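Protein sequences, first through last, are from chains H and S. Per our numbering, the very first residue in the first sequence carries number 1; after that it's consecutive. Per our numbering, the very first residue in the second sequence carries number 364; after that it's consecutive.
It is worth saying that the hints were derived from the structure and are not from the lab. On a predicted model such as this, the values are computed, not experimentally measured, just so you know. In this text, a Cβ means the ideal position worked out from N, Cα and C, and glycines have one as well. Take these hints with a grain of salt, some might be off.
[Unchecked claim] Think about it this way: if two alpha-carbon atoms lie no more than 16 Å apart in a straight line, the pair counts; the simulated EDC-like pairs of lysine to aspartate or glutamate are:
| no. | chain 1 | residue 1 | chain 2 | residue 2 |
| --- | --- | --- | --- | --- |
| 1 | S | K412 | S | E398 |
| 2 | H | K286 | H | E311 |
| 3 | H | K363 | H | D341 |
| 4 | H | K310 | H | E336 |
| 5 | H | K16 | S | D393 |
| 6 | H | K326 | S | E448 |
| 7 | S | K472 | S | D384 |
| 8 | H | K16 | S | E398 |
| 9 | H | K363 | H | E291 |
[Unchecked claim] Cβ-to-Cβ under 7 Å is the rule here; a few derived chain S residues that face chain H:
| no. | residue |
| --- | --- |
| 10 | G400 |
| 11 | D401 |
| 12 | V403 |
| 13 | E424 |
| 14 | V426 |
| 15 | K427 |
[Claimed, not checked] Computed far set for chain H versus chain S, every beta-carbon distance over 10 Å:
| no. | residue |
| --- | --- |
| 16 | M17 |
| 17 | N33 |
| 18 | I76 |
| 19 | E130 |
| 20 | E203 |
| 21 | F214 |
| 22 | D231 |
| 23 | F239 |
| 24 | G243 |
| 25 | E281 |
| 26 | T319 |
| 27 | P322 |
| 28 | Y332 |
| 29 | D341 |
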Amino acid sequence: MKATAFTNFHIALGAKMAEFAGNNMPISYSGINDEHLCVRTNAGVFDVSHMGEFIIKGPHALSLIQRITTNDVSKITSGKAQYNCLTNEEGGIIDDLIVYCIEENKVYMLVVNASNIQKDWDWISAHNTENAEMKNISDATCLLAIQGPNACKILQPLTSIDMINLKYYTFGKGEFAGVDNVLISATGYTGSGGVEIYFENKEDHAEKIWNAIFDAGKSSGIKPIGLGARDTLRLEMGFCLYGNDIDDTTSPLEAGLGWITKLNKETKFTAQGILQQQKEEGIKRKLIGFEMLERGIPRHHYPIVDAGGKEIGYVTSGTQAPSLGKAVGLGYVTIENASLDQEIFISIRNQPVKAKVTKVPFK
Amino acid sequence: MNFPENLKYTKDHEWIRMDGDENALIGITDFAQGELGDIVYVDVTTVGKELAEGDLFGTVEAVKTVSDLFMPVSGTVLEVNAALEKEPELINSDPYEKGWMIKIKIANKSDLDHLMDVAAYRDLVS
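Just need the whole structure built from these sequences, with the hints factored in.
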C-alpha cells in the first residue's frame, strides 16, 4: 500500500485509516458529522494526494485532449480550469477529470481519479498519435483541498496570490507558506468554497505547508477532514463519484453531464456520434437525486422500484446527509420515472421505502 | 478503547449483560461503534419474537454504512431502548450503558458461558 506525503500525519492525529485506490488514506478523524459540519460552516483540510496528475504539453497537446474528452478545452485560457470527462468508444465514461490550462495551446494538467490513473494513462497514451509530450507526475505531486466558507480567509496570509478574489475554476501559481511553485486553484468537491493546492512532493514541502495551514487556522478551528466526510459533502451537492454514479457503462448524458458534453465542438471526440444519437433519440435512463420520505438510508446497489414493485433502476450513492438531517441519494431510473417529485421506492432489505425524485444540490 | 469486565462479548462485536435474573441487555462494543461511526438509527422489528442464537434481531444504520445485529444467545426480544429513537448517538458516546439496544428474556442462562470474556474479546480486536 502506498503512503502520501501526509499519511504519517494522519496516523499521528489518530485518524481512522483505510486503503483507498492503493493508498493509505484517512477516512475520518473526529467523526463524519463533525468533520462535515466543520467544512460547511468553517474550514477543513483534505489530503487528496492520491489523485492523479498528468502533464500534457507541446504543439499537439490541445488536439490530443480535444480528441479524447467531451468538453471544449479550446475555450479555456491560461489560468482557467475545466470539468471534463474521457469517453470510451461506446460513449461510457472512462473517467471524469479537471483540465488545467497552464499555458494556452501548450501546457495542460489533467487531474484524474486515483483509481483510474493507470487506465487513463493507457487510454491517453494509445490516442497520442501526434506524440504530444506526456508526463505522469502523480507520485511526485501533493494535493491538499482546503474547503469551507472561511478557507481562503484563513490561508490568505500564507501567499501573495489573491485567493479571496480567485474566481471559481481559475488558478494561480506562486509561493505559498514559503514553498515555491504552488498551484492554487479555486476548485473543490464540497460545494462550500475554498481552494485546492498542488505542489511538488520534495524536501520538506509537505510538512511545511501542512504545518503552516494548521498554524494559520488554529484560532479559527480548522480541522483535518477524511474521505468519509468528503463523500457526504459531495453527495449533498449531487456531484458524481466515479465508480458509483458514473463508470465505463454510463454515458455523460445519462449522468446529467450534458453541460460538459459539447457535441458541436470543432474537434471530433471519442463516441461523439453515439452521444449525438443518444441526444437525438433521447436517453432511456437518467441519474436522478432523491430524498427519502420514510425512514431508511439508501446505499450503493439497492434496487429502485415503482409503486407496483417493478424494478426501475438502482441506487449509485446514498447517505444520511449531515447538513440536511435527512437521507438522500443518487441513482439511475428509467426515463419515465425521472421527473421531479416522482414517487419512487428504494428496496432496503426487500422492503420498499418511499422516496421522491428531487433536484440537486439537495436542500 | 473501553471494554468492561462484567460483560460477555461476541465475534460480531456485541455485548450482553444480565439485567435481573431472567433478562439481559444487548448492545454493540466500543470497537463496533468506532468502526461504524456516527449512528443514525437502530431498526428493530423483532420485539415480541422468540429468536435463536445467531438470528438477526435488527440493523444499525450509520452515516456511511449499515450493519446487521445478531442475537448473542437465544431468547425473546422484550423491548428496544426507547432513548435511541431521539438520541441514536448514545450508542457512540456510551455504548455499554445509555446506548444499550435491546432487552431480551434469555432462554438459557448457561448459553452465556459460550461467549467471550473480556480478555478473549480484547484479543479479538487487538
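Quick check for students: does the CB of D231 (chain H) sit more than 10 Å from each CB in chain S? D231 (chain H) not clear of chain S: closest Cβ-Cβ about 8 Å, inside 10 Å.
E424 (chain S) was flagged as interface toward chain H. Is the shortest Cβ-Cβ separation under 7 Å? For E424 (chain S), the interface hint holds, since the closest Cβ of chain H sits about 5 Å away, which is under 7 Å.
Compute the least Cβ-Cβ separation between F239 (chain H) and chain S, then decide whether it is above 10 Å. holds (17 Å)
May I ask you to check that E130 (chain H) keeps its beta-carbon over 10 Å from the closest beta-carbon of chain S? With a cut-off of 10 Å, E130 (chain H) remains clear of chain S, as the shortest Cβ separation is near 45 Å.
Restraint check for K363 (chain H) with E291 (chain H), where alpha carbons must lie at most 16 Å apart: Holds - the C-alpha atoms of E291 (chain H) and K363 (chain H) are around 10 Å apart, at most 16 Å.
The hint names V403 (chain S) as touching chain H; please verify it with the least Cβ-Cβ distance against 7 Å. holds (5 Å)
Beyond 10 Å on every Cβ pair: is that true for T319 (chain H) relative to chain S? violated (6 Å)
Given hint V426 (chain S) near chain H, where the shortest CB pair must fall under 7 Å: holds (5 Å)
For the pair we were handed, K326 (chain H) and E448 (chain S), check the Cα-Cα distance against 16 Å. This hinted pair holds, its Cα atoms lying about 15 Å apart.
Are K286 (chain H) and E311 (chain H) close enough, with their CA atoms no more than 16 Å apart? Answer holds: K286 (chain H) to E311 (chain H) is near 14 Å, not above 16 Å.
Satisfaction of hint between E398 (chain S) and K16 (chain H), Cα-Cα up to 16 Å: holds (8 Å)
Once the closest CB in chain S is found, is it more than 10 Å from E281 (chain H)? Check passes; 38 Å lies beyond 10 Å.
When each numbered hint is compared with the structure, violations occur for hints 1, 17, 22, 26 and 27.
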